[in-house]
Amino acid sequence: MLQTTFRTGLRSSRNIGAFAATAFAASSAFAQDVAEAASPIAAPPVEAAAEVAAVANPGNNAFMMMATILVLLMILPGLALFYGGLTRSKNMLSTLTQVGGAASLAMLIWVMWGYSTAFGPEGNAFFSWGNLFLSGVTPDSTAATFSDEVISEYVFVSFQMTFAAITAALVVGATVERIKFSAVMLFTAIWLTIVYFPIAHMVWAEGGLLFDMGALDFAGGTVVHINAGVSALVLAMFLGKRKGYPTEPMPPHSLVMTMIGTGLLWVGWFGFNAGSELEADGTAGLAMINTFVATAAGALTWMLMERFAGHKGSALGFCSGVIAGLVAVTPAAGNSGPFGAIVLGILASVVAYFAVAKLKAKLGYDDALDVFGIHGVAGIVGAIGTGIVYQPGLGGPGDGSVAMGEQVVIQIIAVAVAIAWAAIGTAIVAVIVKALTGLRVSEDVEREGLDIGEHGERAYN
Amino acid sequence: MKFIIAIIKPFKLDEVREALAAIGVAGMTVTEVKGFGRQKGQTEIYRGAEYTTNMLPKVKLEIAVAEGLAAQAVETIQQTAGTQSIGDGKIFVLDIASAMRIRTGETGDTAL
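Protein chains in written order, with numbering that gives the first Met the number 0: chain F, 0 to 460; chain H, 0 to 111.
FYI, nobody ran anything at the bench for these hints, they're computed from the structure. Possibly wrong hints are sitting among the right ones.
Taking lysine to aspartate or glutamate and the DMTMM-like style, the derived pairs with C-alpha atoms no more than 25 angstroms apart in a straight line are [what the hints assert, rightly or not]: (1) 59/H <-> 49/H; (2) 8/H <-> 43/H; (3) 1/H <-> 31/H; (4) 1/H <-> 13/H; (5) 361/F <-> 105/H; (6) 33/H <-> 108/H; (7) 359/F <-> 13/H; (8) 1/H <-> 17/H; (9) 1/H <-> 87/H; (10) 39/H <-> 247/F; (11) 89/F <-> 17/H; (12) 357/F <-> 49/H; (13) 240/F <-> 61/H; (14) 33/H <-> 17/H; (15) 242/F <-> 49/H; (16) 89/H <-> 31/H; (17) 357/F <-> 43/H; (18) 89/F <-> 87/H; (19) 311/F <-> 49/H; (20) 311/F <-> 87/H; (21) 89/H <-> 105/H; (22) 242/F <-> 43/H; (23) 39/H <-> 87/H; (24) 361/F <-> 49/H; (25) 311/F <-> 211/F; (26) 240/F <-> 43/H; (27) 39/H <-> 17/H; (28) 311/F <-> 43/H; (29) 89/H <-> 49/H; (30) 359/F <-> 108/H; (31) 240/F <-> 447/F; (32) 33/H <-> 456/F; (33) 89/F <-> 14/H; (34) 33/H <-> 447/F; (35) 89/H <-> 14/H; (36) 89/F <-> 456/F.
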């Protein structure tokens with residue numbers, strides 16, 4: 000069980016305060032020891048770690064800074080262009096601005112109370128506290144990784160910050176072309192606080208409900224994709240359908256931009272997945288190769304599904320398959336062998352295809368850019384599938400100490416908790432935001448486009 | 000004088016223009032237009048959702064020619080713009096009451 004939780008997700012920096020205090024006391028008294036501990040050969044085991052401050056390995060730090068910047072690349076310009084290309088040209092800038100605005104606000108909230116709520120030094124199974132406004136974080140403080148290595152805490156804070164930012168921005172995709180900008184901003188602030196931070200804590204922080212249960216979520220399948228997908232669906236239902244949906248054609252205005260955004264997302268996703276190992280080691284390499292092959296499998300599978308449905312293999316099909324594959328491999332990135340990842344990519348693409356092409360039309364909700372259909376659905380497939388492909392018999396990195404059935408049950412429970420938390424939480428936020436902002440733009444603004452109506456500018460002149 | 004209006008497939012424009020220049024047609028006006036005839040339109044599918052496009056992109060040529068050149072011009076357009084498939088377009092021929100070159104004030108055939 001210990002081994003299972005070992006690769007479960009990002010370990011919290013729970014003991015940072017105590018660590019730092021010890022370090023200051025130790026630095027003068029045991030200056031000699033500190034110097035020895037810093038050299039890689041000395042690498043003293045457990046008892047020494049209590050006496051001296053662990054120093055971040057520059058290699059790992061550099062890797063994590065790169066990974067962090069790659070996740071920013073996923074948001075702007077990646078996700079912004081991906082979403083922007085899928086909307087109609089009259090709503091292009093509004094879509095870009097909503098992605099950028101939500102992400103920026105998330106970054107500020109993260110340093111104010113987000114990091115504290117998700118990874119604070121004190122806490123229970125649902126959230127934490129104790130280091131508001133990054134109090135106690137210094138250039139010398141460190142965050143634990145999965146081995147006896149550490150990385151600089153500022154780097155860990157930044158890395159996790161990009162996760163909060165992209166998740167908030169992902170939700171926007173279901174509600175574009177009709178939601179007020181003020182509603183997006185208010186939603187982001189409250190939603191992060193009561194939905195995202197607690198789920199991140201539950202899954203990734205030591206002592207968190209799902210972390211302690213042994214749920215596997217390497218890079219955010221549950222925290223990011225299921226959470227964003229379900230929240231997006233709930234918010235879209237509160238908002239209602241776009242005028243004219245589904246009778247009026249609303250084809251994407253630039254699939255070229257969607258393709259550019261897709262490429263940037265794929266590139267950035269390496270920061271997301273490989274970076275979640277927190278060290279530039281072999282598991283990061285495993286996450287990297289999985290991020291290649293699962294995505295490739297997802298992309299081609301979606302195009303094949305289109306052929307089977309009697310259509311042509313399309314560019315948007317390719318892009319959709321890329322995202323489905325990426326989402327599916329996220330929880331499994333370091334928890335699966337490459338062939339397990341390929342199977343997940345294929346499976347997620349098939350299921351997401353049906354969700355988008357069949358289920359959405361049947362149920363009649365207006366998830367504008369298919370956030371639930373792709374992120375939510377492929378995320379659920381990936382999260383549950385991770386419990387299967389983790390097993391060593393299937394090429395996964397697990398040690399077999401937890402049986403496959405048991406692990407799958409744990410995964411299903413984690414998925415169910417995330418769905419319930421996201422759905423109920425988002426409904427609460429939606430009611431508040433509706434009362435304060437009205438949620439939806441006027442009919443005239445919607446008809447003329449949100450670019451002019453909400454921002455006073457045009458994407459194309 | 001005759002006025003020829005031809006609706007053709009956009010990718011045939013250069014071929015038609017060159018063939019008309021070769022038989023002595025001095026000028027033309029080209030407009031990008033949308034419309035439909037028997038071809039009706041086409042279906043586009045985005046993530047499984049079908050959209051039927053009723054209007055297809057075409058190019059409209061407007062050409063004024065002297066009486067004697069009209070029949071040859073129409074035949075040239077018909078031969079160069081055709082692909083033998085649906086949606087190749089149409090040619091209309093009208094009479095012109097008068098014509099004038101603005102710069103010089105010339106009228107009739109010399110104005111073309």
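Evaluated hints:
1. 59/H <-> 49/H: 29 angstroms, violated
2. 8/H <-> 43/H: Given pair residue 8/H, residue 43/H holds - Cα atoms ~19 angstroms apart, limit 25 angstroms.
3. 1/H <-> 31/H: 22 angstroms, holds
4. 1/H <-> 13/H: 22 angstroms, holds
5. 361/F <-> 105/H: 68 angstroms, violated
6. 33/H <-> 108/H: 32 angstroms, violated
7. 359/F <-> 13/H: 45 angstroms, violated
8. 1/H <-> 17/H: 20 angstroms, holds
9. 1/H <-> 87/H: Satisfied, since the Cα-Cα distance of roughly 22 angstroms is no more than 25 angstroms.
10. 39/H <-> 247/F: With a Cα-Cα distance of about 18 angstroms, the restraint between residue 39/H and residue 247/F holds, given a limit of 25 angstroms.
11. 89/F <-> 17/H: Status violated; Cα separation ~39 angstroms.
12. 357/F <-> 49/H: 12 angstroms, holds
13. 240/F <-> 61/H: Violated: residue 240/F and residue 61/H sit about 45 angstroms apart, past 25 angstroms.
14. 33/H <-> 17/H: 23 angstroms, holds
15. 242/F <-> 49/H: Distance ~18 angstroms between residue 242/F and residue 49/H Cα, so the pair holds.
16. 89/H <-> 31/H: 15 angstroms, holds
17. 357/F <-> 43/H: 17 angstroms, holds
18. 89/F <-> 87/H: It is violated: about 33 angstroms lies between the C-alpha atoms, which goes past 25 angstroms.
19. 311/F <-> 49/H: 12 angstroms, holds
20. 311/F <-> 87/H: 24 angstroms, holds
21. 89/H <-> 105/H: 31 angstroms, violated
22. 242/F <-> 43/H: Measuring from Cα to Cα gives roughly 21 angstroms; hence the hint holds.
23. 39/H <-> 87/H: With Cα atoms ~12 angstroms apart, residue 39/H and residue 87/H stay inside 25 angstroms; holds.
24. 361/F <-> 49/H: Holds. Residue 361/F to residue 49/H sits at ~14 angstroms (cutoff 25 angstroms).
25. 311/F <-> 211/F: 46 angstroms, violated
26. 240/F <-> 43/H: With Cα atoms ~22 angstroms apart, residue 240/F and residue 43/H stay inside 25 angstroms; holds.
27. 39/H <-> 17/H: 29 angstroms, violated
28. 311/F <-> 43/H: 10 angstroms, holds
29. 89/H <-> 49/H: Given pair residue 89/H, residue 49/H is violated - Cα atoms ~29 angstroms apart, limit 25 angstroms.
30. 359/F <-> 108/H: Distance of about 64 angstroms is beyond 25 angstroms: violated.
31. 240/F <-> 447/F: With Cα atoms ~16 angstroms apart, residue 240/F and residue 447/F stay inside 25 angstroms; holds.
32. 33/H <-> 456/F: 28 angstroms, violated
33. 89/F <-> 14/H: 36 angstroms, violated
34. 33/H <-> 447/F: 23 angstroms, holds
35. 89/H <-> 14/H: 16 angstroms, holds
36. 89/F <-> 456/F: Given that 25 angstroms is the threshold and the Cα spacing comes to 10 angstroms, the pair holds.
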